[in-house]
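Protein chains: 2
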Amino acid sequence: MRDFSIDHSPLALNTATLGHNVEGNGAGWSPEQVIDACAARGFGAIAFWRREIGTRAREFGERTRAAGLEVCGLCRAPFLVGPLAPKPRSAAMDDFLASIDMAAELGAACLTICVGGVVEGSHSMRDSLKMVAEMVAEAAPRAKAGGLTLALEPLHPVYGGNRSCLVTTRDAVDVVEAIGHEAVTVAIDVYHVWWDLGLAEQLRRLGGDRIAGYHLCDWLADTNDVLLDRGMMGDGVADLKFLRAAVEAAGYRGYCEVEIFSAANWWKRDPNEVLDICLERFRTVC
Amino acid sequence: MRDFSIDHSPLALNTATLGHNVEGNGAGWSPEQVIDACAARGFGAIAFWRREIGTRAREFGERTRAAGLEVCGLCRAPFLVGPLAPKPRSAAMDDFLASIDMAAELGAACLTICVGGVVEGSHSMRDSLKMVAEMVAEAAPRAKAGGLTLALEPLHPVYGGNRSCLVTTRDAVDVVEAIGHEAVTVAIDVYHVWWDLGLAEQLRRLGGDRIAGYHLCDWLADTNDVLLDRGMMGDGVADLKFLRAAVEAAGYRGYCEVEIFSAANWWKRDPNEVLDICLERFRTVC
Numbered sequence: 001m002r003d004f005s006i007d008h009s010p011l012a013l014n015t016a017t018l019g020h021n022v023e024g025n026g027a028g029w030s031p032e033q034v035i036d037a038c039a040a041r042g043f044g045a046i047a048f049w050r051r052e053i054g055t056r057a058r059e060f061g062e063r064t065r066a067a068g069l070e071v072c073g074l075c076r077a078p079f080l081v082g083p084l085a086p087k088p089r090s091a092a093m094d095d096f097l098a099s100i101d102m103a104a105e106l107g108a109a110c111l112t113i114c115v116g117g118v119v120e121g122s123h124s125m126r127d128s129l130k131m132v133a134e135m136v137a138e139a140a141p142r143a144k145a146g147g148l149t150l151a152l153e154p155l156h157p158v159y160g161g162n163r164s165c166l167v168t169t170r171d172a173v174d175v176v177e178a179i180g181h182e183a184v185t186v187a188i189d190v191y192h193v194w195w196d197l198g199l200a201e202q203l204r205r206l207g208g209d210r211i212a213g214y215h216l217c218d219w220l221a222d223t224n225d226v227l228l229d230r231g232m233m234g235d236g237v238a239d240l241k242f243l244r245a246a247v248e249a250a251g252y253r254g255y256c257e258v259e260i261f262s263a264a265n266w267w268k269r270d271p272n273e274v275l276d277i278c279l280e281r282f283r284t285v286c
Numbered sequence: 001m002r003d004f005s006i007d008h009s010p011l012a013l014n015t016a017t018l019g020h021n022v023e024g025n026g027a028g029w030s031p032e033q034v035i036d037a038c039a040a041r042g043f044g045a046i047a048f049w050r051r052e053i054g055t056r057a058r059e060f061g062e063r064t065r066a067a068g069l070e071v072c073g074l075c076r077a078p079f080l081v082g083p084l085a086p087k088p089r090s091a092a093m094d095d096f097l098a099s100i101d102m103a104a105e106l107g108a109a110c111l112t113i114c115v116g117g118v119v120e121g122s123h124s125m126r127d128s129l130k131m132v133a134e135m136v137a138e139a140a141p142r143a144k145a146g147g148l149t150l151a152l153e154p155l156h157p158v159y160g161g162n163r164s165c166l167v168t169t170r171d172a173v174d175v176v177e178a179i180g181h182e183a184v185t186v187a188i189d190v191y192h193v194w195w196d197l198g199l200a201e202q203l204r205r206l207g208g209d210r211i212a213g214y215h216l217c218d219w220l221a222d223t224n225d226v227l228l229d230r231g232m233m234g235d236g237v238a239d240l241k242f243l244r245a246a247v248e249a250a251g252y253r254g255y256c257e258v259e260i261f262s263a264a265n266w267w268k269r270d271p272n273e274v275l276d277i278c279l280e281r282f283r284t285v286c
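Protein sequences, first through last, are from chains A and B. Using full-length UniProt numbering, the first residue of the first sequence is number 1, and each one after it goes up by one. Using full-length UniProt numbering, the first residue of the second sequence is number 1, and each one after it goes up by one.
Rather than coming from a laboratory, the hints here were simulated on the basis of the structure. Check the hints yourself; a few may be wrong.
The list treats identical chains as interchangeable, and a pair is accepted whether it falls inside one copy or across any two copies.
As the list claims (entries may be wrong) - Straight line, CA to CA, 20 angstroms or less: simulated DMTMM-like cross-link-like pairs of lysine to aspartate or glutamate:
#1 Lys268 x Asp101
#2 Lys87 x Asp222
#3 Lys130 x Asp239
#4 Lys241 x Asp127
#5 Lys241 x Glu120
#6 Lys87 x Glu134
#7 Lys144 x Glu120
#8 Lys87 x Glu59
#9 Lys87 x Glu273
#10 Lys144 x Asp101
#11 Lys87 x Asp127
#12 Lys268 x Asp225
Working from the sequences, and respecting the hints, build out all of it.
Written as structure tokens, this is what we have:
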């Protein structure tokens with residue numbers, strides 16, 4: 001395994017960790033401030049959210065690279081299926097393609113996809129995943145042309161009803177294999193997979209080339225909100241070394257992206273403090 | 001698959017569905033009222049909770065059987081490990097043995113075990129499960145002597161931090177195999193496993209003889225509480241036919257036990273209405 005205590009260049013920041021730069025969360029930093037603060041600390045990359053980018057994708061991408069960082073990802077495609085997806089399906093597809101185009105302009109390595117919940121009335125994750133696979137397969141050539149991959153992110157099974165009918169790494173690998181397009185990959189997030197003792201086996205099946213990202217946070221033993229109460233690495237029950245070993249055993253050597261949704265704790269702190277602690281924990285417990 | 005529209009005798013009630021008979025939930029029925037109401041509707045069995053039984057285990061067991069019903073289970077052993085388990089370990093073990101003795105007196109077919117969360121400070125589900133396996137192996141002969149099985153229940157991964165380091169059917173089968181005692185079985189609950197497309201495969205590995213129970217409810221797409229907002233069968237996104245097919249393909253022919261924790265909805269209704277709807281849904285959507 002890589003030794004982050006002597007080289008933390010694989011550390012990346014997902015801007016959600018600073019409250020999406022929203023005024024009132026942290027200091028409400030602009031993307032420029034985030035870029036400069038990450039560069040000053042030797043982070044290797046940043047993942048942005050569409051809401052921060054607006055029409056300035058090219059500009060922010062260039063700004064990031066000029067500061068010596070990469071754009072490791074863009075969050076995210078719209079929900080493709082289920083109760084929270086744009087309707088009709090063509091509207092979801094249009095927004096999906098628009099998000100791919102934004103990621104390409106930004107120069108992002110991947111676009112993250114949270115696929116959306118079980119199709120209304122279907123009572124079937126299996127059928128819902130088939131619809132997801134069709135839509136992702138349709139969009140894959142556009143992603144390839146834009147120089148990025150589509151990163152299917154299996155979400156924690158608690159989101160199965162409305163946010164993601166894709167809830168296991170096993171199913172994500174099955175979908176990737178069913179689609180069989182080089183621009184379709186998987187993102188692995190500690191929050192979503194920490195409980196899965198079969199993770200290493202599934203990632204071996206996938207292979208490191210098809211792992212688009214590895215997202216860091218922790219699962220708090222007494223979590224009080226499954227959307228906005230993620231923990232800082234080391235503060236929870238996840239076996240972070242075991243998880244990274246699984247990802248690296250599959251061949252992954254990319255960025256480790258800190259993504260902490262924490263409305264009541266980390267989003268209320270000074271972003272400088274949050275970044276400093278991310279860095280210290282990355283070097284010691286990840 | 002069995003046809004419940006023509007024979008609903010495999011239907012069982014877990015008393016939690018009526019708010020644990022607590023005054024203020026439903027009508028605050030006594031165990032005697034629950035037994036009579038289930039018998040009148042042709043239910044096949046009842047699963048009780050320790051809190052309702054007190055020192056009257058033998059009496060309630062006989063009362064149930066005299067009404068033509070079986071006692072399919074007792075809920076439940078204490079958490080064995082993790083932050084919510086009695087401390088020290090010997091105290092958890094003592095209460096575990098006391099719950100086995102109560103189940104034996106009641107004449108229950110099994111004692112349900114929710115194993116408890118990740119051991120504090122361990123950051124390891126694997127090590128926590130090893131401790132669980134040791135404790136269950138130690139208690140298994142007492143269960144066998146009492147004529148019941150110890151039903152390990154994998155809980156939904158959302159409970160991994162504090163209530164159950166056992167969160168997949170796969171892990172449950174691994175633990176059962178590691179212990180290798182005939183009195184150690186698994187209980188499958190729709191709420192906890194509905195998202196697992198690998199369920200059938202794992203249950204085949206387990207075999208029907210080691211499935212101690214199949215619990216019914218539904219997962220609501222927009223659930224607002226992962227403890228007390230379960231849905232009635234048919235009201236959520238779970239593929240109930242697919243799940244029962246998986247259980248029966250493994251050889252299970254036992255009771256299907258309705259267990260709905262629903263503080264804001266079903267617990268507020270007249271228990272007679274709740275039981276009538278359970279029966280109707282059992283015959284039509286399960």
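The hints, checked one at a time:
| no. | hint | verdict |
| --- | --- | --- |
| 1 | Lys268 x Asp101 | neither (33 angstroms within a copy, 51 angstroms between copies) |
| 2 | Lys87 x Asp222 | between (36 angstroms within a copy, 18 angstroms between copies) |
| 3 | Lys130 x Asp239 | between (32 angstroms within a copy, 15 angstroms between copies) |
| 4 | Lys241 x Asp127 | between (35 angstroms within a copy, 14 angstroms between copies) |
| 5 | Lys241 x Glu120 | between (38 angstroms within a copy, 17 angstroms between copies) |
| 6 | Lys87 x Glu134 | within (16 angstroms within a copy, 52 angstroms between copies) |
| 7 | Lys144 x Glu120 | neither (31 angstroms within a copy, 45 angstroms between copies) |
| 8 | Lys87 x Glu59 | neither (31 angstroms within a copy, 58 angstroms between copies) |
| 9 | Lys87 x Glu273 | neither (41 angstroms within a copy, 37 angstroms between copies) |
| 10 | Lys144 x Asp101 | within (11 angstroms within a copy, 63 angstroms between copies) |
| 11 | Lys87 x Asp127 | within (18 angstroms within a copy, 46 angstroms between copies) |
| 12 | Lys268 x Asp225 | within (16 angstroms within a copy, 25 angstroms between copies) |
In terms of the numbered hints stated before, the structure departs from hints 1, 7, 8, 9, listed from lowest to highest.
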